[in-house]
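Residue numbers (our numbering), protein chains in the order written: chain A, 22 to 298; chain B, 185 to 469.
Be aware that a few hints might be false.
For lysine to any residue, the following SDA-like pairs were computed, each having C-alpha atoms within a straight-line distance of at most 25 Å [unchecked claim]: (1) 71/A with 315/B; (2) 71/A with 412/B; (3) 196/B with 216/B; (4) 53/A with 316/B; (5) 206/A with 142/A; (6) 206/A with 213/B; (7) 53/A with 315/B.
To be clear about the criterion: a stretch of chain B counts as covered by chain A if any three or more of its residues have a C-beta under 8 Å from a C-beta of chain A, and this derived list gives those stretches [claimed, not checked]: (8) 395-403; (9) 423-432.
Keep in mind that the hints were calculated from the coordinates and are not lab data.
Yeah, the Cβ is synthetic: ideal placement off N, Cα and C, and Gly gets one too.
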Amino acid sequence: MKRALVVGGILLLAGLTGWLVLPSSAQAKRTKLVLTGSSTVAPLAAEIGKRFEALHPGVRVDVQTGGSSRGIRDAREQVADIGMVSRALKEGEQDLLSFSIARDGVCLIVHQDNPVAALSDAQVVAIYTGQIRNWKEVGGKDAPITVVNKAEGRSTLELFLHHFKLKNSQIEAHVVIGDNEQGVKTVAGNPDALGYVSIGTAEYDATHGVEIKLLPVGGVAASIETVENGTFPLSRPLNLVFRGEPEGVARLFLDYARSEEVQDLVRNQYFVPISRR
Amino acid sequence: MDSLARSQRGEKLAQVVMWSSAALVSAVFLWMLSDLVTNGLGRVSWEFLTSSPSDSGRAGGIGPIVVSTLLIVSVAMVVAIPIGVGTAVYLAEFTSTESLLGRLVRRSLDVLAGVPSIVFGLFGSAFFCKTLGLGFSILSGGLTLACMVLPILIRSVEVGFREIPDHYRLSAAALGLSRTSTLLHLLLPAAAPGLAVGLVLGIGRAAAETAALIFTSGYVDRTPESVLDSGRALSVHIFDLSMNVPGGTPNAYAAALVLLGLLLLINGAASGLAHRWLGRNIATL
Numbered sequence: 022m023k024r025a026l027v028v029g030g031i032l033l034l035a036g037l038t039g040w041l042v043l044p045s046s047a048q049a050k051r052t053k054l055v056l057t058g059s060s061t062v063a064p065l066a067a068e069i070g071k072r073f074e075a076l077h078p079g080v081r082v083d084v085q086t087g088g089s090s091r092g093i094r095d096a097r098e099q100v101a102d103i104g105m106v107s108r109a110l111k112e113g114e115q116d117l118l119s120f121s122i123a124r125d126g127v128c129l130i131v132h133q134d135n136p137v138a139a140l141s142d143a144q145v146v147a148i149y150t151g152q153i154r155n156w157k158e159v160g161g162k163d164a165p166i167t168v169v170n171k172a173e174g175r176s177t178l179e180l181f182l183h184h185f186k187l188k189n190s191q192i193e194a195h196v197v198i199g200d201n202e203q204g205v206k207t208v209a210g211n212p213d214a215l216g217y218v219s220i221g222t223a224e225y226d227a228t229h230g231v232e233i234k235l236l237p238v239g240g241v242a243a244s245i246e247t248v249e250n251g252t253f254p255l256s257r258p259l260n261l262v263f264r265g266e267p268e269g270v271a272r273l274f275l276d277y278a279r280s281e282e283v284q285d286l287v288r289n290q291y292f293v294p295i296s297r298r
Numbered sequence: 185m186d187s188l189a190r191s192q193r194g195e196k197l198a199q200v201v202m203w204s205s206a207a208l209v210s211a212v213f214l215w216m217l218s219d220l221v222t223n224g225l226g227r228v229s230w231e232f233l234t235s236s237p238s239d240s241g242r243a244g245g246i247g248p249i250v251v252s253t254l255l256i257v258s259v260a261m262v263v264a265i266p267i268g269v270g271t272a273v274y275l276a277e278f279t280s281t282e283s284l285l286g287r288l289v290r291r292s293l294d295v296l297a298g299v300p301s302i303v304f305g306l307f308g309s310a311f312f313c314k315t316l317g318l319g320f321s322i323l324s325g326g327l328t329l330a331c332m333v334l335p336i337l338i339r340s341v342e343v344g345f346r347e348i349p350d351h352y353r354l355s356a357a358a359l360g361l362s363r364t365s366t367l368l369h370l371l372l373p374a375a376a377p378g379l380a381v382g383l384v385l386g387i388g389r390a391a392a393e394t395a396a397l398i399f400t401s402g403y404v405d406r407t408p409e410s411v412l413d414s415g416r417a418l419s420v421h422i423f424d425l426s427m428n429v430p431g432g433t434p435n436a437y438a439a440a441l442v443l444l445g446l447l448l449l450i451n452g453a454a455s456g457l458a459h460r461w462l463g464r465n466i467a468t469l
């Protein structure tokens, strides 16, 4: 009885070690493409990856998240073959090459029951820097404003700061959030909150019964349509970044991700396909 | 007479307070459970449990994710149990509470038990993924979880050993049993309840972990072919669906319900097995 247990245990361990150490022959032949970065791009890249794998049976596309900054770092250190970055590259990042696969807009959201229909750029700046603290100062009801900001390293934050010419240190936030859906849930659960998230997420949730309202920016209504025709001021490219000129499988993947064959996937994620030049 | 009535009233009050705090605890659990069941049960089916996710998890099932979760937890337990039990035996049986090494180990464990899981995640990502070159893989995730679970496991098993009355050890010595056979045949089975508690708590913490896994075992939602592949854990999937994918909430509820069911199942199995295996050891002496 006891001996059988011991023998069984040893066999099990040996099997496990073999499975660990010796990669299966099928796996050895495979090419692996690793993408890391923006959590906004990751679901889209994963879906494109699945379709790409179906077309190229010898290739595996592994998508990991962690934010745009991670995408930049991993692409630079070649931990990843491709970085995902949901903004344009900054000055210090010109050592990398970037290619857009889609566009996304960032818009301000409030609770559905909030009577305020629009905020001017100056009002937004005043609210986020703590000069305006009550909704009645911008035409709303008498209630303190809950300012919802994005966490450091999120490209939505960077795009927002860039557009309103703010520094993150100037912002007096009450709530700091990470992903888009988290922002939507925070605002939907607080009638006095003001936040900003990706338009794709906001438009999807607003049309599916979540109690939020999208505010126009600079007089332009926030919608996927205005991002598509380029009139919405707060929009951002969703990029794949490479350390050098992409070659081989990475090149194939890039071309595929920018082709018309994946435009339905882009729309499924509530992003806007890029028009190819 | 008057003081008797007053003390009875005081006793009643204490009873009500105790009763309502106990009721509050179950109410919180039942509220959560009913929320999960009402929102998630309609979607859970055999199909959901076995098929692959599609459309970023909004459609399809969670088959590959359940497989990855089980693999990650198994790796964590295979690594953590021998080290954990070994350390606990050392602490409880082979050092006095006052010895320097014993105190150092215990202090480190207490500090480790309080470290937030994201710190373990960053450590795992830096050490297992990069330094050891395991990359995003189920192995990296499992090893990271093993580090995280060790403090809980060791402390519970150690308590299990300390609760064994000393006359067990004295009787064994009087009968001329060696320390090893005393340990194997007498103390280990007697400490089984402690091991069971440690396993239940450890597996619970491991299977529900998100922060430590998203940067170690990763985000890939394909069925893993080996433990060197990246695999998405259930908790990471739930987090992504509810916080990152618009329209993912319904499937997040269903996945959360599955995770809860899985935890109850694993916990039952773990405590049952710990009792049975170790309980039998006495008979085979």
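Now for the hints, and whether the structure bears them out:
At roughly 29 Å between alpha-carbon atoms, residue 71/A and residue 315/B are farther apart than 25 Å, so this suggested pair is violated. Taken as a hint, the residue 71/A and residue 412/B pair is honoured in the structure, with Cα atoms around 19 Å apart against an allowance of 25 Å. The suggested pairing of residue 196/B with residue 216/B is violated, with an alpha-carbon distance near 30 Å, which exceeds 25 Å. Only pairs whose Cα atoms come within 25 Å are accepted, and residue 53/A paired with residue 316/B is accepted, the gap being roughly 19 Å.
Between residue 206/A and residue 142/A the alpha-carbon distance is near 24 Å, which keeps this suggested pair within the 25 Å criterion. Proposed proximity of residue 206/A and residue 213/B is supported: the alpha carbons are some 22 Å apart, at most 25 Å. With a C-alpha separation of about 20 Å, the suggested pair residue 53/A and residue 315/B falls inside the 25 Å cut-off, and the hint holds. Chain A is given as covering the region 395-403 of chain B, and this holds because 4 residues of the stretch bring a CB closer than 8 Å to a CB of that chain, at least three being needed.
Residues of the region 423-432 of chain B lying with their CB closer than 8 Å to a CB of chain A number 8, which satisfies the three-residue condition for coverage.
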